[in-house]
Amino acid sequence: MRHFLTFLGRCTATAFSGSVRYKAWLALLAAITLVGLNAYARQLVHGLETTGLSDQISWGFYIANFTYLVGIAAAAVLVVIPVYVYRNKALRDLVVFGEAMAVAALLMCIAFVLVDLGRPDRFWHMIPFWGRVNFPTSILAWDVIVLLGYLVINLYLGAYIVYARYRGRRPRPAFYIPVVMVSIVWAISIHTVTAFLYMGLAGRPFWNTAILGPRFIASAFTAGPALIVITLLVIRRVANLVFGDDALLMLRSIIQVAIVVNLFLLMNELFAEFYSSSLHSNSATYLYFGLEGFSELVPRIWTALLFDFVALIIFVLPISKNLTWLTIACALSITGLWVEKGLGLVVPGFLPTPLGEMLVYTPSINEILVGVGIWAFGVMLYSMLVRVALAVIQGRLSDKIYPALPVEGTALAQA
Amino acid sequence: MPESRSSSGTMNRRSFLRKSAYAATGMAAIAASLAPLRDYDDDISLDDFLRKHYKEIEPEEMEVMLAKITQEVEHEYGVRPHVRDLKPMAGVEFVTALNLTRCIGCRKCVHACVAENNQSRNPEIQYIRVLEMPNGTFDVEQSSHDYDPETVPREGFYYMPVQCQQCRQPPCVKVCPVEATWQDADGITVIDYDWCIGCRYCEAACPYWARRFNFSKPSLSAEDINPDMAYLGNRPRPRGVVEKCHSCIQRTRAGRYPACLEACPTGARKFGNILDPNSEVSQILRDKRVFVLKEEHGTRPRFFYYFDV
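So the sequence lines, in the order shown, correspond to chains B and G.
Following the working numbering, the numbering of the first sequence begins with 507 at its first residue and continues without gaps.
Following the working numbering, the numbering of the second sequence begins with 59 at its first residue and continues without gaps.
Chain B with its partners taken away, still in its complex shape (with noise of 0.2 Å):
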């Protein structure tokens, strides 16, 4: 036990030392997060009226993200089946980047549910055993549960490997291995019950449809493993981490499957849509063509299809093997399915209304930087972990080693 709160204690000394380079990123990101913080104090001070929303479109731009984020958090597995489930041995030291993006994006996903709420003081009321949880039957309670379970899921295994690796030992797999296996089917959960909110309101005929599920967790296998790839190439480019191309390319199989069935999932749904035109249809003639003169999101929803399709497009193509078109599509699968899945799924359910009024959300100045201090902060909580994390595994921090030892011959070792 000592032992590990030392090693608490010198992986929180190591995450905020470090090269010129990195402190001014942290600078960076804790000053866009105070600005957020700032943003959030108005809130609180003013009320939601500081938002865009109103008693028509009840939720917006921080529930959007918070789905987004929950398909992120759900992503980590699939670097994680890879590697326990089919030994692959080139995703096998990167699963701990996967779950330090669990963890941050959970954590993102938290702040935003928390600064959607009218009265954050009585966040209490949600957890179990000490406030008064509706369970089982509201689907937000539940979720509150699952998320909270796969946060401290994935912070118990990437704290478990970083560990043993820190003392020099090798992990025991019956301390991780059946968490490993509870994780899979834990990170579907997480995304399936967030699908649920929506798919369970019978009042809400845009959302009210089966296919939101599937759809929900295609799409996040398309963005999530996207976005680690990603991470992963800034993480070697800057922190002189040593992986084989392989790892990269595995993901890459991982979103070619994944994209694939997800534009299917949305063709079908398009078609159920369109094609029977009854009045339910009208949110996504909303979406997609505009309703009533109000089209805001047509223009945004298109952009998204066109970077979906084109991804689509560049995965499916053996170009994509090169990093630099890989990278392009991406972050055009990110960029779209962050349109799809976030503004272009909550609000055109909530249009036209139950009663049939038509009107415009836009997202207020305020709420737009609550958003981004929170994406800022989610930023800055993952460079630490990362950060952390290469130390140990490039055995520059142990119990025999400490302070971590500078990277050898890269930018940072010179500061």
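Simulated from the structure, these hints should not be mistaken for lab results.
Be aware that one or more of the hints could be misleading.
Chain G side only, calculated, beta carbon under 8 Å to chain B, not exhaustive [stated by the list, open to error]:
hint, residue
1, 76
2, 87
3, 97
4, 98
5, 207
6, 232
7, 254
8, 255
9, 278
10, 279
11, 280
12, 297
In silico negatives: residues of chain B with every beta carbon more than 12 Å from chain G [claimed, not checked]:
hint, residue
13, 531
14, 596
15, 625
16, 695
17, 788
18, 802
19, 828
20, 899
To be clear about the criterion: a stretch of chain B counts as covered by chain G if any three or more of its residues have a C-beta under 8 Å from a C-beta of chain G, and this derived list gives those stretches [unchecked claim]:
hint, segment
21, 548-555
22, 614-624
23, 697-708
24, 756-766
25, 811-822
26, 832-843
27, 891-897
Yeah, the Cβ is synthetic: ideal placement off N, Cα and C, and Gly gets one too.
We have chain B already, so just place chain G on it with the hints.
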């Protein structure tokens, strides 16, 4: 990396000063970013923070709470309210029946409701939305919400007021993550304003767009206050919680009619106990061609519409 080379435990003075400077700058930056909180005017006491769910409050605790609310309202608005915790009456299940032949779309019910229930005036929160529907359709998407002719009713239109339908299977209650809203024994779905976390999932779930959220602190002046208040009903709400029509429980649980019914100039609204076979509503449900809104959603409303001719 001079400071971290200076091995564990001993920190040299220069590095200590530098780190303190960093820490101080960091704290100052955080404090600066939190500066807007100086205008925070809701002081949430520890008691408020730890307040129990309505169903866990003991009777004597409720007395204390009612006294506290009385004091707060008097302090804030200079009006001494009469706040009660009214329970459902035994053997009573309330339903509403609304005669669409009689409704002329004058919105008197909307305004009587606002006056009765201490809703925020700016922005004005209204529980009732009257739809102006063109004859020949039942599609709410063709309705007008902000119709404003010189006189109502307009030729070629009929009018349909919509408010909480007091469903037997309310989606809002199902989705609430913290049981802050529930269906009482008399069929009225109520909200514990001191338990609601303001997630607005109920707003997303309601197929009748019946729920309203306090995006800002409700603004009410002393002359707006209706001092006859119920705990789960029309007492002033805090910022950041959801509210909706509760069939005027401060009236109906004390044997009176809801305010919207009394304000209606044409007598289009009927309200009563469905468990009493001789009540007016029972009679209407037996004899008239009655329907409910969005029956396909399976919400089983206690709010019935009918045409008279």
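To see whether the hints hold, each was checked on the structure:
no. : hint    : result
1   : 76      : violated (12 Å)
2   : 87      : holds (5 Å)
3   : 97      : holds (5 Å)
4   : 98      : holds (5 Å)
5   : 207     : violated (19 Å)
6   : 232     : holds (5 Å)
7   : 254     : holds (7 Å)
8   : 255     : holds (5 Å)
9   : 278     : violated (15 Å)
10  : 279     : violated (19 Å)
11  : 280     : violated (22 Å)
12  : 297     : holds (5 Å)
13  : 531     : holds (15 Å)
14  : 596     : holds (32 Å)
15  : 625     : violated (4 Å)
16  : 695     : holds (17 Å)
17  : 788     : violated (7 Å)
18  : 802     : holds (18 Å)
19  : 828     : holds (37 Å)
20  : 899     : holds (19 Å)
21  : 548-555 : holds (count 7)
22  : 614-624 : holds (count 4)
23  : 697-708 : holds (count 4)
24  : 756-766 : violated (count 0)
25  : 811-822 : violated (count 0)
26  : 832-843 : violated (count 0)
27  : 891-897 : violated (count 0)
Violated hints for the displayed structure, listed by number in ascending order: 1, 5, 9, 10, 11, 15, 17, 24, 25, 26 and 27.
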